[in-house]
Structure formats: structure tokens, C-alpha cells
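Chains as they are written, first to last, in the working numbering: chain A, 3 to 135; chain B, 3 to 135; chain C, 3 to 135; chain D, 3 to 135.
In short, the hints are calculated from the structure, not lab data.
Among the hints, erroneous ones may be present.
Identical copies look the same in the list; a pair holds intra-copy or inter-copy alike.
Listed next, the in silico DSS-like pairs over lysine-lysine satisfying Cα-Cα at most 25 angstroms (straight line) [what the hints assert, rightly or not]:
1) Lys-128 x Lys-47
2) Lys-133 x Lys-100
3) Lys-68 x Lys-133
4) Lys-100 x Lys-53
5) Lys-100 x Lys-86
6) Lys-93 x Lys-50
7) Lys-128 x Lys-100
4 protein chains.
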Amino acid sequence: MTHTTDIRVYYEDTDAGGVVYNANYLKFAERGRTEYLRTIGFENKSLKESKGILLVVRHIEADYLKPGHLDDLLTVETSIESMKNTSIVMKQLVFREKDMLFSMDVTIVCVDADGLKPVRFPDDLKAGFEKGI
Amino acid sequence: MTHTTDIRVYYEDTDAGGVVYNANYLKFAERGRTEYLRTIGFENKSLKESKGILLVVRHIEADYLKPGHLDDLLTVETSIESMKNTSIVMKQLVFREKDMLFSMDVTIVCVDADGLKPVRFPDDLKAGFEKGI
Amino acid sequence: MTHTTDIRVYYEDTDAGGVVYNANYLKFAERGRTEYLRTIGFENKSLKESKGILLVVRHIEADYLKPGHLDDLLTVETSIESMKNTSIVMKQLVFREKDMLFSMDVTIVCVDADGLKPVRFPDDLKAGFEKGI
Amino acid sequence: MTHTTDIRVYYEDTDAGGVVYNANYLKFAERGRTEYLRTIGFENKSLKESKGILLVVRHIEADYLKPGHLDDLLTVETSIESMKNTSIVMKQLVFREKDMLFSMDVTIVCVDADGLKPVRFPDDLKAGFEKGI
């Protein structure tokens, strides 16, 4: 499964270089992952409050390929690369039509919300991800 | 005319108090104004590049009424309060269903993109706003 | 007492208009208030964790007077306008040398960290603010 | 040379998970690089306006090791890993006292400010970086 989320570029996303500020692609990516979760039936808030877990970024490797600009309509594509008991690797690509602007592999770890120590994905979340692979 | 824009609250919008960070309502409001502009046929980028103008915030007066939370689906309502040759006052309200979270009156000034001095709204933009009143 | 905090403008603070993005002055103002608190002996984290309170923004009224630019060294001046049992009004001015860029009156309310309902300022915090008036 | 910049964590930097939001470490890193540049005699604004170049992020590889929290005083350490005619690789580490929170290798490319195409570093900037190696 490749999940897509549309994102409009506003002034808040740009910088004085006239392009989308580099850190903001990580925000776009997190919106994409959040909507991916919502699609398979989960929300960050209930993961924290009901299941006591957080999904945190552990590692990223990213390429900035072309600049984004004010008013662009971008698409974030999110898919699962691989999965373990407590972590998952997702690939996230940001496109403006055919142009790939940004590409990232991100490793997400499931941690308990209090101690922030790695814990196994809850069964239903794991099953949701497995359907997405 | 009251224009509405939907906004989802992501982790990026929240703070360690567990609520939407205060400055981020101004970002939501600008998204609302930008989509208002788009609805009447204008984009920030082309206003700058084709017409040589920017619409800048000159004055705000805002109330924070209730906190927003992670995963909330908010609605920004934008309407025009009054209009002059070089400036416009808009009212912007942020709702979560029936609950009003935030209310702002914002004065926007039309300035030339180079010198940032006030200039009259271009005729077509003025006409677009007047239809919205 | 007028408390001052220096702030350097980085790319993250600017937008494609080539100036400091409007919402970011509210971030600068909060940094100023936080350093004011630190000067009188308090930290946001310990206010929350030890005293169970948050200081939240309830109302703002602000003027954007001149644009800030990349690499500017700005100064936030923070002083107390007035104080009640559960709220305080502060004046915050942002300068670049002699030029005032931004001026804001902000009403801050003391709330309990769980229910976010107004509560009286703790005595020691109230005493700290009173020395600052 | 290892350059260090101190950074205080404010509410704006945190999220509802109670920790520093992942994208904000990239902002901290850019502040560190900007202060590195300032130390060797250069500013982003004058690089753009006088020399017509921008230094843009092309590739990042980063590890999130421990969470940062509200009110933390962090230190960004920046050093040069390697350098070519049009690009440079920097290592940036974020510490809270002895604890390393974040580690990143970032590839920066020198581009012309108009077309955003790679160009050689200006001689004086190259010489400045070489002193830093």
C-alpha cells in the first residue's frame, strides 16, 4: 500500500531563500504518517491515552532533490519498507506532480509513553501495518 | 461570505502543555486567509510575482477561548469586517465543532513587494474582496 | 522592571516574503516571558510539575510596525502592565536597535495543569511578579 | 575546530508527547551552522545579497538518541567532516550536558541564489571552511 496525503505550501512553510524550509519536510512527512495511521484505524492521541504508547522517530536518512515553493500543492507518499517487533521503517516521498522534491527513509520506534522505552507494537496496530506492507 | 477551511492538528502544532501552541493559531488563520484568496481567484505567489504586492499583517487582536488538542479537526471561518483603499479587516474564528477555540480580528495591509510601503489594492483584488463582504 | 532578551533571526523565522513571519513574533514574545520568569526564579517545567500550573495566553493585541530580516539581532523587552489574582497583563516590545518592529499587550492566565481552569498565582510567583512591577 | 552554540528549549520547540518535536532538531542544527559561519566571518544574508549564493541542505542522516525537554539548555556542536568544490559535509551533535540527544551528518551544497544550481564556494568562504577543518 502506498498512502498519499496532499499538502498545500503556505507562507509558514517557506523561508527567506524563497523555498520550503528544510526542516518543514519532516513536518510534512509526519502529517503523512499520521494520515497513514488514521487510514488503518489509529490516532496518535488514542495510541497515547488508551494504549500508553508513542511512535517516535529514531533514525532518518533524507535527500532534498528539488525546492518546493509557496502555493505548491504537494503530495506525500508513505509506504512501509520493513517491520520488526518494536520498530518500523517507512519510505516517504514528497512530490509536486511528477517532480520528486524530497525522499526519506524513517525508522519509527514504539515506546511506552511514560518511560519512552521500546515496547512491542500492540497486536492490532501490528496487524494494521502488516496489511499495509 | 464566510469562508471555511478545515485544519487537522498534528504533533507539530502542539506543545508540552498538551495543547495547540498559541502562535500556531496565527498560522491556521493565515491558511484560512490564503484559501479565502484562492476562492476569489488569487494566490500569494502570483500577487507577489505578477502584481508586485504583498498582503502583510499590521494589527491583530485575538482571544484564546478553549484549548485545541492533538488530532482535533478544526475549522477556520474567515470573513471581511471592513475595507479601505490599502487595508482590510478580517474576522477569523477557529472552531472544533460547536466550540469556538480562538477569535481574531486582523488588519491586513497591501504593500509593494520591494519597499513594503502601503499601496492601493489592485482593482481586481478589491473587486474580489467586495464580493466577499 | 523591563526585562530584555536577545534573539537572532534565523532562516526558520523568515518566510518567502523575505521578512520574519508574522506568527514568529509570538514565539519571540514567549521566549521573552520565559526568560523573565527565569530571572525572577521560575521555570515553566517546574511550574507545571511541582506547582501543577500553566501560564496560558488568553488575549493578545499586537502591532506589526516594521519588518524583521534574516540575521537581525532583535531585543524583546518585557514588562508588567497590571496584575490580578489569576491573570497578568504584560507589554512586550521587539526592537532592532532603535527601531520598534512589534508591540504586544498580552494577558496571561494562571490555570491548573489538569483542568486548565483559572487558579490564583502561587504566592511566591505573585511576589516575584510584584517585584517586577 | 568544533563550534558550539547554546540553545534553550522553549514551549515552541516541544510537542504534546512532552519532548522536543523531531523536526526542530533540524532548526537547532541550522542555528549551529549559521553561528559557525558567523564565527568564520560570514552571514547568510550577505552570502545571498553580496555573493549571490545560498547554502542549501542536500542530504541528511540523523539519529534521535534521547529526548529533549522543556527548559533544557542544549549545546549544538558543529564540525566539518569533508569538503569538495561545491559541497561540504558537517557533523552536528546536540548535547544536554554529557548526554547526546541527536547526531546528524548533513551535506550542504553551494548554489546560485537565482537558479539554485551548484556553484563553487567563493574563495574566501572556502578558505574560512578550510581553517575550520
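These are the hints, each one checked on the structure:
no., hint, result
1, Lys-128 x Lys-47, "within (17 angstroms within a copy, 35 angstroms between copies)"
2, Lys-133 x Lys-100, "neither (27 angstroms within a copy, 36 angstroms between copies)"
3, Lys-68 x Lys-133, "neither (32 angstroms within a copy, 31 angstroms between copies)"
4, Lys-100 x Lys-53, "neither (39 angstroms within a copy, 28 angstroms between copies)"
5, Lys-100 x Lys-86, "neither (32 angstroms within a copy, 31 angstroms between copies)"
6, Lys-93 x Lys-50, "within (24 angstroms within a copy, 33 angstroms between copies)"
7, Lys-128 x Lys-100, "neither (32 angstroms within a copy, 35 angstroms between copies)"
When held up to the earlier numbered hints, the structure conflicts with 2, 3, 4, 5 and 7 and fits the remainder.
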